[in-house]
Amino acid sequence: MSMEQKAGTRLIVKDVSKTFYQKKIEPHHVVDKVSLEVKDNEFLVLLGPGHCGKTVLLNIVSGLMPPDEGSVYLDGEKITKPNPKIGMVFQKLGLMPWKTVIENVEIGPKLSGINVKTRRERAEYFIDLVGLKGFENSYPHQLSGGMKQRVGIARAYTNDPEILIMDEPFGQLDAQTRYNMQNEISRISEHEKRTIIFVTNNIEEALYLGDRIILFTECPARVKEIYDIDLKRPRDMIDPEFLRLRKMISNNTDLAL
Amino acid sequence: MKKTAAYDQKRRPIKKILNSLLPFVSITCLFLLWFYASNINPDLVPSPASTWERLIQLFVKPVNKMNLFGHVWASLQRVFIALACATVLGVTVGVMIGWSKTFKAIFGTLFELIRPIPPIAWLPIIIMWFGIGEFPKILIVFIGTFMPIVVNTYTGIRLVMPLHLDVARMFNASNRQLLFEVAIPSALPPIFAGIRNATSSGWMTVLAAEMIASKAGLGFLITRGMDYFDVPLILVGMLAIGIVGALLAIITEFIERLLCPWNKKLEQD
Amino acid sequence: MPNDDVKIKVRNLTKYFGDLHVLDNISFDVKKGEFLCVVGPTGCGKTTFLNLLTKLIPPTSGELYINDEPADPKIHNISFAFQEPSAFPWLTVEQNLEFGLKIKNIPKDVIKTRVERIIKLLGLEQFRKSYPHQLSVSSEQRIIIGRSFAMYPDLLLMDEPYGQMDIKMRYYLEDEVIKLWKEFGSTVIFITHNIEEAVYLAERILILSNKPSTIKKEVVVDLPRPRDFTDPKFVEIRKYVTELIKWW
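Chains as they are written, first to last, in the numbering used here: chain A, 1 to 257; chain B, 1001 to 1269; chain C, 2001 to 2248.
Don't take every hint at face value.
Label pairs and their computed distance ranges (CB to CB) [unchecked claim]:
(1) C:2103 with B:1025: 36 to 44 Å
(2) A:247 with B:1103: 55 to 63 Å
(3) C:2134 with B:1021: 50 to 58 Å
(4) B:1158 with A:28: 19 to 27 Å
(5) C:2073 with B:1021: 41 to 49 Å
(6) C:2072 with A:230: 57 to 65 Å
Some chain B residues near chain A, calculated using beta-carbon distances under 10 Å [said to hold, decoys possible]:
(7) 1014
(8) 1067
(9) 1070
(10) 1165
(11) 1169
(12) 1171
(13) 1172
(14) 1173
(15) 1174
(16) 1185
(17) 1190
(18) 1216
(19) 1262
(20) 1263
Calculated directly from the structure, the hints in this document are not laboratory data. All C-beta atoms, glycine included, are put in the ideal place defined by N, C-alpha and C.
All chains, full assembly: derive it from the sequences and hints.
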């Protein structure tokens, strides 16, 4: 199965819906007919309130979960299972506590059977890039929240994906570490160009990072609005235009109490 | 105002010292109680001194050609052999029923039925089947150590964080890799907890097994003491059991710390 | 400068953990009914500072006074809203709100009126019989904060209660806190990493330095409410405080 696509488009999500059924509980409709396109090498932000829908949509895009309706195409090919072209930075990280930093980072190439020397070299390059040189042999529990997040990012990059999905990677960090990491991800993504799909509920973060922002509704998730962000980089969070856009998007966002 | 702050500052170190002294205090109290009791009826409760003498005598004139260390080693050997078998088999079985729904369906219920039967209850039937040699004793200890290892391994595998599995799946891990790269390593701490339980349970079981028809081991020593009304010998045996048991616990914890350096819980202790 | 309005006095608060000097000689006053925010760089002694104020740990030296007496949890009422939602899962919304008041042996009818007032202010009427797990995380946090205000505390401490929430939600909840604060006239110390949040909420901001932490600067925020984060004056204060912290 394949699908026609415009030049420069990597990934197409077409009419994807998902509902969860549980005994004795009303069906939980979380994703409703979502269609979107991801362009080559763009930094796309999926912005939505609350906790509904976005993570499920990501799991569908990454092939971890099948949709009820609709399909996802990568370079014209339908996605039915995890694809090595797509990498993921998980919200809760999922670092393996029994592995050191470098063992965590090289897990992708290791699982695909790449030899020790090559994968070590690649892992070391990205550990250096995310600023963790010197911590290669530490265990995750010895690192701070921001550092763990860096390990998660290096791990995803080391597998050399063409598309990187980041699921609210900074949701658990305190405000200042978060600002730091936003700077970092902006720097890293400039340095190592990839197509990035970044999910967040934070409007400021979305505006700081995104080339494009797709705004979702509260549960079930539907595409509400698409914004092209033309602010020049590096962006300034207290620039009047930045604040104006922030207010505009905020007014268009649902409040999810 | 200064009162509260200064008060707490001073009190804490004293409390710390006190807490580290308390174990010695309680052991001393037990000794005193022992002295006291042995004064009342020295036949039934021999004094610490005569127990000590009996211990020395055990080296001079061994029981059944073995001194105390010989008997300790005889018991330990049985535990080690049984434990080694139980670890290999128990981890394998635990991983299988934890990982595969089919295996769980086949063995799960069966296992739940057998599990509540204590190892001692197996004793009569095993003696009837296999006699009183070395094998039936090890078999009983094996039963006592096998169960906790299976249960812990199984639980450990079931409780693997789905997120960790997803991470590996995103890297296209095969089923085999999911098991060997993610599930088993993440289950190591509970598996070790199982081995620790198994060691202490095995130590208890071996003594019970030795109390029936045996020619060596601490259990035998105690039964021998009872048969000859040699109460100091019983006490020597009991003390040896306590000390060796405590040492085993310390050693297994040490090994666990060595093999699971990521386990934060151990580090904080 | 003697001032009858001063409710909380912190004097020469210093804390060492062994050789580690965490807090250094912190002194400040809080007026009755004031909303004070404390900000500082990541890794400053923020948590220690809080724990000293709640009297969870003793200071190396220095003291906290409430109404000119040394603070004592047995006499004074210090309320604390944690960062993580901490409603009791086995109690309903209503029972959660009553909980602290019951422990303080407050008469039943007083409890009833106070709880009613909070429920009405928060608009939680339809959830009064619900259990925390039936609510969203944000609503659970609202209960906690309501519960803290319902205690009529001498001092209400809040530790970044909205850290993980999206901006829209945060502003809604921040407005709600301001509403509760005005209604109850409580004295609040609100600790946060988020400078914008501090500027939005505070009448006065204390800026802590890196370890050993001390008060580096005090900034008075006298903007009218409700505040607007795009207002140039607001942006100016935010910028000024950010410069002072300089964490990047």
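Outcome of the hint check:
1. The hinted window of 36 to 44 Å between residue 2103 of chain C and residue 1025 of chain B holds, with their beta carbons roughly 37 Å apart.
2. In this structure, residue 247 of chain A and residue 1103 of chain B meet the distance hint of 55 to 63 Å, their C-beta atoms being roughly 59 Å apart.
3. The hinted window of 50 to 58 Å between residue 2134 of chain C and residue 1021 of chain B holds, with their beta carbons roughly 51 Å apart.
4. Taking the beta carbon of each, residue 1158 of chain B and residue 28 of chain A are about 25 Å apart, inside 19 to 27 Å as hinted.
5. Against the hinted window of 41 to 49 Å, the Cβ-Cβ separation of residue 2073 of chain C and residue 1021 of chain B comes to about 31 Å, which falls outside the hint.
6. Distance hint check: the CB atoms of residue 2072 of chain C and residue 230 of chain A are about 59 Å apart, consistent with the given range 57 to 65 Å.
7. Of the supplied interface hints, the one on residue 1014 of chain B is violated, with its beta-carbon coming no nearer than about 33 Å to a beta-carbon of chain A, more than 10 Å.
8. Violation of the interface hint for residue 1067 of chain B is found here, the shortest Cβ-Cβ separation to chain A being roughly 43 Å, above the 10 Å cut-off.
9. Annotation: interface hint on residue 1070 of chain B violated; nearest CB of chain A at approximately 40 Å, more than 10 Å.
10. Among the interface hints, the one on residue 1165 of chain B holds; its C-beta lies about 9 Å from the nearest C-beta in chain A, closer than the 10 Å criterion.
11. Interface restraint check: residue 1169 of chain B against chain A, minimum CB-CB distance 5 Å, threshold 10 Å, status holds.
12. A cut of 10 Å between beta carbons decides the hint on residue 1171 of chain B: the least distance to chain A is about 4 Å, and the hint holds.
13. Against a cut-off of 10 Å between C-beta atoms, the interface hint on residue 1172 of chain B holds, since the closest Cβ of chain A lies about 5 Å away.
14. Here the hint on residue 1173 of chain B is kept, as its CB sits about 5 Å from the closest CB of chain A, short of 10 Å.
15. At a threshold of 10 Å, the smallest CB-CB gap from residue 1174 of chain B to chain A is about 8 Å, leaving the interface hint in force.
16. With its C-beta approaching chain A no nearer than about 5 Å, residue 1185 of chain B sits inside the 10 Å limit, and its interface hint holds.
17. Taken as an interface hint, residue 1190 of chain B does not check out: its beta carbon lies about 12 Å from the nearest beta carbon of chain A, beyond 10 Å.
18. Checking residue 1216 of chain B against chain A: minimum C-beta separation of about 41 Å lies over 10 Å; hint violated.
19. Evaluation of the residue 1262 of chain B hint against chain A yields a held restraint, the C-beta minimum of about 4 Å falling below 10 Å.
20. With a least beta-carbon distance of about 8 Å to chain A, the hint placing residue 1263 of chain B at the interface is held under the 10 Å criterion.
Going down the numbered hints, you'll see the structure goes against 5, 7, 8, 9, 17, 18, while the others check out.
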